[in-house]
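Line by line, the protein sequences give chains A and B. For the first sequence, my numbering gives the first residue as 16, with consecutive numbering after it. For the second sequence, my numbering gives the first residue as 487, with consecutive numbering after it.
No wet-lab data here; the hints were simulated from the structure. Misleading hints may appear alongside valid ones.
[Unchecked claim] Restricting the straight-line Cα-Cα distance to at most 25 Å, the calculated cross-link-like pairs of lysine to aspartate or glutamate (DMTMM-like) are:
1) B:Lys765 with B:Asp955
2) B:Lys883 with A:Asp292
3) A:Lys311 with B:Asp897
4) A:Lys176 with A:Glu199
5) B:Lys896 with A:Glu314
6) A:Lys212 with A:Glu282
7) A:Lys50 with B:Asp668
8) A:Lys209 with B:Asp895
9) A:Lys159 with B:Asp493
10) A:Lys73 with B:Asp897
11) A:Lys58 with B:Asp897
12) A:Lys50 with A:Glu199
13) A:Lys50 with A:Asp160
14) A:Lys178 with A:Asp149
15) A:Lys268 with A:Glu146
16) A:Lys241 with A:Glu276
17) A:Lys73 with A:Glu245
18) A:Lys241 with A:Asp304
19) A:Lys203 with B:Asp895
20) A:Lys23 with A:Glu60
21) A:Lys202 with B:Asp897
22) B:Lys679 with B:Glu665
23) A:Lys130 with A:Asp304
24) A:Lys311 with A:Glu146
25) B:Lys883 with A:Glu223
26) A:Lys202 with B:Asp493
27) A:Lys23 with B:Glu920
28) B:Lys896 with A:Asp304
29) A:Lys281 with A:Asp138
30) A:Lys178 with B:Asp493
[Said to hold, decoys possible] Here are some chain A residues pointing at chain B (derived, C-beta under 10 Å):
31) Phe30
32) Asp45
33) Ile48
34) Ser152
35) Lys171
36) Leu174
37) Lys178
38) Ile183
39) Ser188
40) Phe190
This one's a predicted model, so the numbers in the text were calculated from it and none came from an experiment. Quick reminder that beta carbons are idealized off the backbone N, C-alpha and C, glycines included.
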Amino acid sequence: MTLGTRIKNNAYLYFTAKLLLLLLFIFLFDFTIGKTLRYFYFKEEFGRQYRATYSIEKTTADVLVFGSSRAYHHYVPDIIETGLKQSCYNTGSPGQFIFYNYAVLKAVLKRYSPKLIILDVSDDELRVGAESYDRLSFLLPYYKDHEEIRPIVDLKSPLEKFKLLSSIYAFNSSFLMIAGGNSEYFKKKASDTKGYKPLNRTWNNPIEVRSPTQYEVDSIKINIFKSFIEDCRHAGIKLFVVSSPSYIKYNQKDYSISIIEKIAKKENVCFIDFANDTSFTNHSYLFDDPDHLNAKGSELFTTIVTGKIADSLQLLNRTSK
Amino acid sequence: MLFNSLDFAIFFVIVTFLYFALKHKYRWFLLLASSCYFYMAFVPVYILILGFTIVIDYFAGIFLETSKGKTKKLFLLASLIANIGVLSVFKYYNFLNTNLSILLHGAGYQNPIPYLSILLPIGLSFHTFQAMSYTIEVYRGNQKAERNFGIYALYVMFYPQLVAGPIERPQNLIHQFYEKHDFDYNRVADGLKLMLWGLFKKIVIADRLAIYVNAVYNHPTQHSGITLILATIFFAFQIYCDFSGYSDIAIGAAKIMGFKLMTNFNRPYFSRNISEFWKRWHISLSTWFKDYLYISLGGSRVSIPRWYFNLAFVFIVSGLWHGANWTFIIWGALNGFYLIFAIISRPVTDKVNQLTGIKKLPWLNRFLQIIVTFILCCFAWIFFRANNVSDSFVIIKRIFTNKDPLFFDKDDPSSFLFSFLGIFILLLIEAKREYYKGDFSFFNNKHWLIRYLSYTVLIIIILLIGVFDGGQFIYFQF
Numbered sequence: 016m017t018l019g020t021r022i023k024n025n026a027y028l029y030f031t032a033k034l035l036l037l038l039l040f041i042f043l044f045d046f047t048i049g050k051t052l053r054y055f056y057f058k059e060e061f062g063r064q065y066r067a068t069y070s071i072e073k074t075t076a077d078v079l080v081f082g083s084s085r086a087y088h089h090y091v092p093d094i095i096e097t098g099l100k101q102s103c104y105n106t107g108s109p110g111q112f113i114f115y116n117y118a119v120l121k122a123v124l125k126r127y128s129p130k131l132i133i134l135d136v137s138d139d140e141l142r143v144g145a146e147s148y149d150r151l152s153f154l155l156p157y158y159k160d161h162e163e164i165r166p167i168v169d170l171k172s173p174l175e176k177f178k179l180l181s182s183i184y185a186f187n188s189s190f191l192m193i194a195g196g197n198s199e200y201f202k203k204k205a206s207d208t209k210g211y212k213p214l215n216r217t218w219n220n221p222i223e224v225r226s227p228t229q230y231e232v233d234s235i236k237i238n239i240f241k242s243f244i245e246d247c248r249h250a251g252i253k254l255f256v257v258s259s260p261s262y263i264k265y266n267q268k269d270y271s272i273s274i275i276e277k278i279a280k281k282e283n284v285c286f287i288d289f290a291n292d293t294s295f296t297n298h299s300y301l302f303d304d305p306d307h308l309n310a311k312g313s314e315l316f317t318t319i320v321t322g323k324i325a326d327s328l329q330l331l332n333r334t335s336k
Numbered sequence: 487m488l489f490n491s492l493d494f495a496i497f498f499v500i501v502t503f504l505y506f507a508l509k510h511k512y513r514w515f516l517l518l519a520s521s522c523y524f525y526m527a528f529v530p531v532y533i534l535i536l537g538f539t540i541v542i543d544y545f546a547g548i549f550l551e552t553s554k555g556k557t558k559k560l561f562l563l564a565s566l567i568a569n570i571g572v573l574s575v576f577k578y579y580n581f582l583n584t585n586l587s588i589l590l591h592g593a594g595y596q597n598p599i600p601y602l603s604i605l606l607p608i609g610l611s612f613h614t615f616q617a618m619s620y621t622i623e624v625y626r627g628n629q630k631a632e633r634n635f636g637i638y639a640l641y642v643m644f645y646p647q648l649v650a651g652p653i654e655r656p657q658n659l660i661h662q663f664y665e666k667h668d669f670d671y672n673r674v675a676d677g678l679k680l681m682l683w684g685l686f687k688k689i690v691i692a693d694r695l696a697i698y699v700n701a702v703y704n705h706p707t708q709h710s711g712i713t714l715i716l717a718t719i720f721f722a723f724q725i726y727c728d729f730s731g732y733s734d735i736a737i738g739a740a741k742i743m744g745f746k747l748m749t750n751f752n753r754p755y756f757s758r759n760i761s762e763f764w765k766r767w768h769i770s771l772s773t774w775f776k777d778y779l780y781i782s783l784g785g786s787r788v789s790i791p792r793w794y795f796n797l798a799f800v801f802i803v804s805g806l807w808h809g810a811n812w813t814f815i816i817w818g819a820l821n822g823f824y825l826i827f828a829i830i831s832r833p834v835t836d837k838v839n840q841l842t843g844i845k846k847l848p849w850l851n852r853f854l855q856i857i858v859t860f861i862l863c864c865f866a867w868i869f870f871r872a873n874n875v876s877d878s879f880v881i882i883k884r885i886f887t888n889k890d891p892l893f894f895d896k897d898d899p900s901s902f903l904f905s906f907l908g909i910f911i912l913l914l915i916e917a918k919r920e921y922y923k924g925d926f927s928f929f930n931n932k933h934w935l936i937r938y939l940s941y942t943v944l945i946i947i948i949l950l951i952g953v954f955d956g957g958q959f960i961y962f963q964f
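Please model the entire structure based on the sequences and the hints provided.
Now the structure itself:
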């Protein structure tokens, strides 16, 4: 009896042989497509993914801005560069909070130490929720080559390293963005400069009033925030934690922001709070929506915050002399 | 442990391997133990609730078989009260209490009854109905009482259909636990194909559509009419793919081990009227209500007003089964209304068909009927998906009044485009299954290369555009 006949006559062997054949097909397709996606992902020249790559692997700016979409749309690097006379890049990324920021910081610190970091914090920054862990999937393309960010990505799930046996998995749902990021047509339309993107609408609705209550906070997020401060201190970076303006009237400070403020105070880190700042809350025309400033608003805000940072730096210099 | 998780994949491979490695007489025990583990992966302590109803129904079954007359009725009643009681406490208590509070508040009183801070046990409505079908069938004499406690427990807890159905009948399932199922290549391959297709529907289509639907339905006042229409259509496909995808995985997983579970969905969006829709949608639940409630009320063999009442009542209860909220009750009532209206208006529709001569163009007639049925379903889905009743009416109002442009993330339209791609693939495959009578098939093709390429392409699409967790989102600015 030949091997082929023996396999055909045994249901288990027949199934195993067919399964192996299928796995071979899947491996070949997965490997080829995954490698192609990886190649073009790191060849992108603009867009959200490109900005992440630039922040993690390329920037050498003196001043870095970290944060979510609020950082991305609120801090104008050109104004910071003029005000502080140092180069600046905005690493802010929509929908990403402290985990992503810390991962980017780790990757940056492996290459060089910026002189100054502005960390923009948002409401609910420390709130318990699976979403912030799930969103770490944005960092999967960097998992292979950046061991410094692996412990942060592993917070998502201990099974992540096994899922990454698939070459495609790291680029799940991103192939259209990869195609766009490599396209000259879309490149011409790109409107971000040094990581900052202005918003152009004007908010016309009445101000929202919020009375935030205490909610459950994530101790891992608190620890990561503390590590962020600690790592900056070790690298000799001046850190400014900022809560940028929103078109919201707070009857009480957001719980995460008040915790962040307490930690910053304890760690002797400068915390600048723009919540309820009437320079903004009295002017809806400075906003695109309640959480985001528009171009006019971001220019005004960046000028003000740069001034405050410059003043604070002068004070620090005088004290150290 | 969700079907679309890596944890389940590992669990399934281990259990299936052990199942075929074990002698037949030990297999039921393996399935019971693994079903307990599967259930306890959600909230471990809730297995006690399941255990409570299993014990009650097991003994109720034996007593029902050995008793007669009023005593028999009493045993059935006791079993039903225990099952519905557990369901009521965990699913409906707070809902009823909220409504009582509103009523008392209106009359100037305060509600003294406290709220319960409890989580709904996973799949409670499914396994409660499955357990109830057992005692009812034993009562009716269609099923012998199961003497082996382990087998009865397995009937209620069989892990593939424990948390989302299909809601099985004892006549179909219990005897299968006694039958020896050998490893059969074709059956295993068919089961795996079904699981793969279910997984595709769940993570490529349903979970993708959910991203847009949630972004819109959670802020209905911020969205335009066209956006709300699109989100509602997306939701129609989301709920279908979510639910039928889960059923396919359940049926496929059971099939691999040699168990035949009932078909739960049969391409419902190709229905030509609401009555047909309910014969194709969640079949195991629709037939449950038909067999145990509708027929018990007299079905259609009663006076016309009573028949209409029976239809309306069954659909309202069906709505309530789906969730403890007025939105579900309205959804059920609306479906009942559709059916009653279709019966009442039949002479008029026949006349219109005759006058327009539409029946001479059967393909156009069929197409229009499918579209009208789909629109009616979508209208009802608004109530099903909306966060509350007032949101439902806001959505309906905005659909007809707001003319703002369509919302989508211009910076990253991927999710939006993948949604359309998923629906397109689904419709293509389902339309082929519905209308194409030839024997060409990608997944069952005679040529192994086409077959293997088809499986591989499906898996690669899942890896490329499937939604594996909550990491993807629409960057929603108001």
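Now for the hints, and whether the structure bears them out:
no.: 1; hint: B:Lys765 with B:Asp955; verdict: violated, 33 Å
no.: 2; hint: B:Lys883 with A:Asp292; verdict: violated, 37 Å
no.: 3; hint: A:Lys311 with B:Asp897; verdict: holds, 20 Å
no.: 4; hint: A:Lys176 with A:Glu199; verdict: violated, 34 Å
no.: 5; hint: B:Lys896 with A:Glu314; verdict: holds, 23 Å
no.: 6; hint: A:Lys212 with A:Glu282; verdict: violated, 32 Å
no.: 7; hint: A:Lys50 with B:Asp668; verdict: violated, 41 Å
no.: 8; hint: A:Lys209 with B:Asp895; verdict: holds, 22 Å
no.: 9; hint: A:Lys159 with B:Asp493; verdict: holds, 23 Å
no.: 10; hint: A:Lys73 with B:Asp897; verdict: holds, 23 Å
no.: 11; hint: A:Lys58 with B:Asp897; verdict: holds, 19 Å
no.: 12; hint: A:Lys50 with A:Glu199; verdict: holds, 22 Å
no.: 13; hint: A:Lys50 with A:Asp160; verdict: holds, 14 Å
no.: 14; hint: A:Lys178 with A:Asp149; verdict: holds, 14 Å
no.: 15; hint: A:Lys268 with A:Glu146; verdict: holds, 23 Å
no.: 16; hint: A:Lys241 with A:Glu276; verdict: holds, 12 Å
no.: 17; hint: A:Lys73 with A:Glu245; verdict: holds, 23 Å
no.: 18; hint: A:Lys241 with A:Asp304; verdict: violated, 30 Å
no.: 19; hint: A:Lys203 with B:Asp895; verdict: holds, 19 Å
no.: 20; hint: A:Lys23 with A:Glu60; verdict: violated, 53 Å
no.: 21; hint: A:Lys202 with B:Asp897; verdict: holds, 12 Å
no.: 22; hint: B:Lys679 with B:Glu665; verdict: holds, 24 Å
no.: 23; hint: A:Lys130 with A:Asp304; verdict: violated, 32 Å
no.: 24; hint: A:Lys311 with A:Glu146; verdict: violated, 31 Å
no.: 25; hint: B:Lys883 with A:Glu223; verdict: holds, 24 Å
no.: 26; hint: A:Lys202 with B:Asp493; verdict: violated, 41 Å
no.: 27; hint: A:Lys23 with B:Glu920; verdict: violated, 34 Å
no.: 28; hint: B:Lys896 with A:Asp304; verdict: holds, 16 Å
no.: 29; hint: A:Lys281 with A:Asp138; verdict: holds, 20 Å
no.: 30; hint: A:Lys178 with B:Asp493; verdict: holds, 11 Å
no.: 31; hint: Phe30; verdict: holds, 5 Å
no.: 32; hint: Asp45; verdict: holds, 7 Å
no.: 33; hint: Ile48; verdict: holds, 7 Å
no.: 34; hint: Ser152; verdict: holds, 4 Å
no.: 35; hint: Lys171; verdict: holds, 8 Å
no.: 36; hint: Leu174; verdict: holds, 5 Å
no.: 37; hint: Lys178; verdict: holds, 7 Å
no.: 38; hint: Ile183; verdict: holds, 4 Å
no.: 39; hint: Ser188; verdict: holds, 6 Å
no.: 40; hint: Phe190; verdict: holds, 6 Å
Going through the hint list in order, the structure does not satisfy hints 1, 2, 4, 6, 7, 18, 20, 23, 24, 26, 27.
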